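Asks: Please model the complete structure; the sequences and the hints are all you need to start from.
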Amino acid sequence: MKFNDIKSMAKQMGINTYRMKKADIIRSIQRAEHNIDCYGTDRVTHCGEGGCLWREDCLALAQRYAG
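To convert a position in the sequence shown, counted from 1, into the working numbering, add 18.
Take every hint as true, because none was put in to throw you off.
Dumping the calculated DSS-like pairs for lysine-lysine here, alpha-carbon to alpha-carbon at most 30 angstroms:
hint : residue 1 : residue 2
1    : K40       : K20
2    : K29       : K39
3    : K39       : K25
4    : K39       : K20
5    : K29       : K40
6    : K25       : K40
Derived by calculation from the structure, the hints in this document are not laboratory data.
Because the structure is a prediction, the values reported are computed rather than measured.
Replies: Encoded structure:
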């Protein structure tokens, strides 16, 4: 998902995204949805949330930092 789409989603949820990084915005969205705010954390190695909106991007992020 593109950064501007993520910011738009957050703003629709009433989240102020000013000066926030992508990972922080996504975690704020996760908290607002009453989910675990785990995006970009080491939880991805044992995450069982196959239907997570952020999963594909989260896995790619984890691979970048592991490699």
